[in-house]
Amino acid sequence: MTSSAAGIYGNFGQANYSAAKQALGHKYNITSNTIAPLAASRMTATVMPQEILEALKPEFIAPLVGFLTHETTKQSGGLYEIGAGHEGVVFKADQSFTPAAVKQRFQEIDDFDNSPVYYPSSMKDNDWLGKLEIAKGLAANAKGDELRYDGQVVVNDLGFVEQNGNKVRAADLVVADIKSAGGEAVANYDSVEDGDKVVATAIEAFGRIDILVNNAGILRDKAFVNATPQDWDLVYRVHLRGTYKVTKAAWPYMVKQKSGSIINTNSSVGIFGNFGQTNYSAAKAGIQGFTNTLAIEGAKYGIRANAVAPNAGTAMTATIMPAEVVEMLKPEYVAPLVGFLAHKDTEATGKLFQVGSCWISEIRRQRSGGVGFPLTKPITPEAIAGKWKKIVNFDDGKAHHVANTRQSSAELLENASNTEEEGSVDLEAAYSAIGKPENFDYTKRDVILYALGIGAKRTDLPLVYEHADNFQTFPTYAVIPAFFTRLDITEFLPEFNPMMLLHGEQYIEVFNPLPTEGRLVCTSQLRNNVLAISESTSFIRGIGGFSKKPGRLGPPNTKPARAPDAQLSQKTSEEQAAHFTVCRGDYNPLHIDAEMSKLGGLQDPDSPRPLKNVKARFSAPVIPGETLETSVWADKDPKKVLFQVRVVERDVVAISNAAAEFSVPVTIAKQSKL
0 MTSSAAGIYG
10 NFGQANYSAA
20 KQALGHKYNI
30 TSNTIAPLAA
40 SRMTATVMPQ
50 EILEALKPEF
60 IAPLVGFLTH
70 ETTKQSGGLY
80 EIGAGHEGVV
90 FKADQSFTPA
100 AVKQRFQEID
110 DFDNSPVYYP
120 SSMKDNDWLG
130 KLEIAKGLAA
140 NAKGDELRYD
150 GQVVVNDLGF
160 VEQNGNKVRA
170 ADLVVADIKS
180 AGGEAVANYD
190 SVEDGDKVVA
200 TAIEAFGRID
210 ILVNNAGILR
220 DKAFVNATPQ
230 DWDLVYRVHL
240 RGTYKVTKAA
250 WPYMVKQKSG
260 SIINTNSSVG
270 IFGNFGQTNY
280 SAAKAGIQGF
290 TNTLAIEGAK
300 YGIRANAVAP
310 NAGTAMTATI
320 MPAEVVEMLK
330 PEYVAPLVGF
340 LAHKDTEATG
350 KLFQVGSCWI
360 SEIRRQRSGG
370 VGFPLTKPIT
380 PEAIAGKWKK
390 IVNFDDGKAH
400 HVANTRQSSA
410 ELLENASNTE
420 EEGSVDLEAA
430 YSAIGKPENF
440 DYTKRDVILY
450 ALGIGAKRTD
460 LPLVYEHADN
470 FQTFPTYAVI
480 PAFFTRLDIT
490 EFLPEFNPMM
500 LLHGEQYIEV
510 FNPLPTEGRL
520 VCTSQLRNNV
530 LAISESTSFI
540 RGIGGFSKKP
550 GRLGPPNTKP
560 ARAPDAQLSQ
570 KTSEEQAAHF
580 TVCRGDYNPL
590 HIDAEMSKLG
600 GLQDPDSPRP
610 LKNVKARFSA
620 PVIPGETLET
630 SVWADKDPKK
640 VLFQVRVVER
650 DVVAISNAAA
660 EFSVPVTIAK
670 QSKL
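Numbering that gives the first Met the number 0 numbers the first residue of the sequence shown as 0 and each following residue consecutively.
Hints may contain errors.
[As the list claims (entries may be wrong)] What follows is a list of derived Cβ distance ranges for each label pair:
#1 N496 with K435: 24 to 34 Å
#2 H400 with N511: 53 to 63 Å
#3 T515 with P377: 54 to 64 Å
#4 F482 with F393: 22 to 32 Å
#5 R457 with I667: 20 to 30 Å
#6 K435 with A384: 16 to 26 Å
#7 K221 with K435: 36 to 46 Å
#8 P377 with Q229: 18 to 28 Å
#9 K142 with F111: 20 to 30 Å
#10 A175 with D93: 24 to 34 Å
#11 D634 with E107: 52 to 62 Å
#12 D440 with F393: 25 to 35 Å
#13 Q229 with K435: 24 to 34 Å
#14 F510 with K456: 21 to 31 Å
[Stated by the list, open to error] Within a straight-line C-alpha distance of at most 27 Å, the following computed DSS-like cross-link-like pairs (lysine-lysine) qualify:
#15 K255 with K350
#16 K299 with K257
#17 K614 with K638
#18 K435 with K386
#19 K102 with K142
#20 K329 with K91
#21 K639 with K456
#22 K558 with K570
#23 K558 with K611
#24 K196 with K142
#25 K376 with K299
#26 K558 with K614
#27 K102 with K221
#28 K443 with K456
#29 K329 with K221
#30 K386 with K376
These are calculated hints, taken from the structure and not from any lab test. Even glycine gets a Cβ: it sits at the ideal position worked out from N, Cα and C.
Hey, can you work out the whole structure from these sequences and the hints?
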């Protein structure tokens with residue numbers, strides 16, 4: 000189904016359109032989703048400039064429709080352009096729960112920045128009875144200054160109730176209650192479809208209309224497969240059309256008065272949907288779009304419009320709820336909010352509130368950070384499927400509230416300048432990507448195997464013998480856990496051949512000595528007692544698509560022009576790759592399988608505790624059995640040394656731009672154990 004920004008947020012001059020767009024089964028494996036596109040069409044061509052229409056081609060919308068309608072797509076009940084609810088405020092369930100009490104705490108209800116929020120996905124996510132139990136145990140509500148409603152009331156109700164065996168008009172009973180309390184009221188018995196007659200009663204009796212509460216409603220609940228056109232039309236006529244008709248009649252008087260408050264009744268069903276209530280949910284959702292636009296158009300006339308989604312026992316709900324539940328969900332627990340919103344001193348407008356069981360919460364939609372696809376290449380359903388996790392991600396810190404149609408359109412139009420070439424790297428997504436924390440368990444055996452894999456000998460007891468007095472983990476072991484974390488690089492990289500992916504650079508920084516066994520929590524975020532940071536740089540040959548914007552780059556560790564201060568040659572074992580693969584836990588086949596390497600285009604110590612960090616660039620591969628020559632230079636910083644590693648047989652530099660920092664000053668020795 001198609002909605003629009005106007006349907007979600009409202010828009011000036013589109014009360015009809017926004018109501019209709021909002022009005023638009025798991026049991027039968029039928030998915031239902033709504034899209035709110037900003038796209039050029041014969042309809043929008045009459046209100047949008049040509050240059051904007053060019054950037055809003057329908058071709059950019061069709062792939063999403065294709066993805067949502069594909070047989071493998073399971074998403075249902077989504078609005079793609081969800082709703083974030085305020086945790087709300089619970090009030091004491093007694094006589095102190097008044098409009099004045101609501102006013103005292105309204106700032107808490109309306110605060111999404113400093114108060115907890117939650118994300119309900121259905122009506123069942125709200126424990127109404129539990130909230131009422133909390134309310135009963137609270138202290139009395141703060142009173143504040145009393146809110147006065149001196150004036151007159153028109154009570155509209157065309158129904159009857161049983162009283163002493165006789166049928167009595169419900170409106171007459173309410174009027175009698177108001178008069179007995181010292182107020183003035185008259186009754187009206189017309190249908191809300193005759194809204195002009197309802198309003199005329201108020202004008203004839205009192206000469207003006209200040210507050211309008213649209214609360215008429217009926218139910219005709221049936222599963223959609225069984226619902227008749229009459230079921231649909233009757234609910235629509237009472238709820239949505241009735242709200243329109245009464246408001247339409249009252250509007251000119253409020254405009255002339257330069258004041259007025261309209262409170263429309265939505266429902267949790269209109270927000271989340273509910274089985275057997277397609278007619279009711281469509282009408283209630285339409286009322287919300289209608290309310291949003293009334294608030295926009297009424298602002299310049301001093302007219303406010305809000306909506307409430309109450310959970311209360313009424314004559315209507317009494318037909319489907321047990322009596323004890325109806326009793327616990329008294330309308331008296333809803334009325335204080337309605338009274339507060341109706342008061343002339345209240346400034347709130349264009350808002351939606353859930354209310355019931357002495358609990359009040361504001362609810363509003365949020366938009367995920369989403370994905371902007373380049374306008375310079377076709378978008379396919381497959382491309383959308385590839386980015387789907389990011390499109391529906393509300394936990395990455397980018398989700399935000401969109402206040403109105405103008406902001407909605409402005410954010411969407413920002414992508415009009417997205418003309419990156421095909422295959423470009425999404426730098427913003429890459430920098431903000433956060434891997435899921437992963438546990439990494441290792442034992443003393445793993446520590447010993449690692450030491451053997453990097454060349455430790457049987458004489459290096461502190462590294463290869465667990466009962467040695469100073470048995471320790473070699474600091475560069477901090478590299479290993481990072482290889483067991485998962486970060487989906489396809490989220491920000493174009494398609495590439497995995498055989499072209501190579502480990503290009505490595506940086507580690509050690510904060511605390513690594514224990515010889517234990518469990519490490521590995522994540523791209525720093526938290527708790529950080530032991531080490533491991534930063535890897537990979538490159539993919541032939542992928543292209545480098546951004547025109549330079550990324551972050553640390554200063555290179557350039558070797559001095561002078562001869563090295565120390566030099567050491569070490570011949571690698573022909574079994575080095577096998578040892579490395581098993582002992583290090585890095586099972587990349589490029590390390591050991593010559594055939595796999597060819598597919599990627601490749602041819603055939605002293606105490607380590609003071610090590611703080613090391614950074615190196617892998618400039619060329621090393622073939623097992625070759626001799627490595629390490630050249631070391633002292634730096635002006637006594638705690639830092641620069642080094643490079645050369646393959647003697649081929650005279651190529653294997654490791655370049657390398658440096659190691661220590662926690663204490665170091666002296667370069669001519670020979671080293673490792």
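Here is how each hint holds up against the structure:
1. N496 with K435: 24 to 34 Å: Given about 26 Å between the Cβ atoms, the range holds.
2. H400 with N511: 53 to 63 Å: Between H400 and N511, where Cβ atoms are some 41 Å apart, the hint is violated.
3. T515 with P377: 54 to 64 Å: This hint holds: roughly 55 Å between Cβ atoms.
4. F482 with F393: 22 to 32 Å: With a Cβ separation near 30 Å, F482 and F393 satisfy 22 to 32 Å, so the hint holds.
5. R457 with I667: 20 to 30 Å: This hint holds: roughly 26 Å between Cβ atoms.
6. K435 with A384: 16 to 26 Å: holds (21 Å)
7. K221 with K435: 36 to 46 Å: holds (44 Å)
8. P377 with Q229: 18 to 28 Å: violated (46 Å)
9. K142 with F111: 20 to 30 Å: At 26 Å between Cβs, range holds.
10. A175 with D93: 24 to 34 Å: holds (25 Å)
11. D634 with E107: 52 to 62 Å: holds (58 Å)
12. D440 with F393: 25 to 35 Å: holds (32 Å)
13. Q229 with K435: 24 to 34 Å: 52 Å Cβ-Cβ, so the 24 to 34 Å window is violated.
14. F510 with K456: 21 to 31 Å: holds (29 Å)
15. K255 with K350: holds (24 Å)
16. K299 with K257: holds (8 Å)
17. K614 with K638: holds (14 Å)
18. K435 with K386: holds (17 Å)
19. K102 with K142: holds (9 Å)
20. K329 with K91: Given pair K329, K91 holds - Cα atoms ~14 Å apart, limit 27 Å.
21. K639 with K456: Measuring from Cα to Cα gives roughly 26 Å; hence the hint holds.
22. K558 with K570: The hint holds at about 23 Å.
23. K558 with K611: Status holds; Cα separation ~20 Å.
24. K196 with K142: violated (38 Å)
25. K376 with K299: Given that 27 Å is the threshold and the Cα spacing comes to 44 Å, the pair is violated.
26. K558 with K614: Status holds; Cα separation ~13 Å.
27. K102 with K221: violated (39 Å)
28. K443 with K456: Distance ~16 Å between K443 and K456 Cα, so the pair holds.
29. K329 with K221: Holds, at about 26 Å.
30. K386 with K376: Within the cut-off at roughly 16 Å; holds.
Of the hints listed earlier, those the structure fails to meet are numbers 2, 8, 13, 24, 25 and 27, in rising order.
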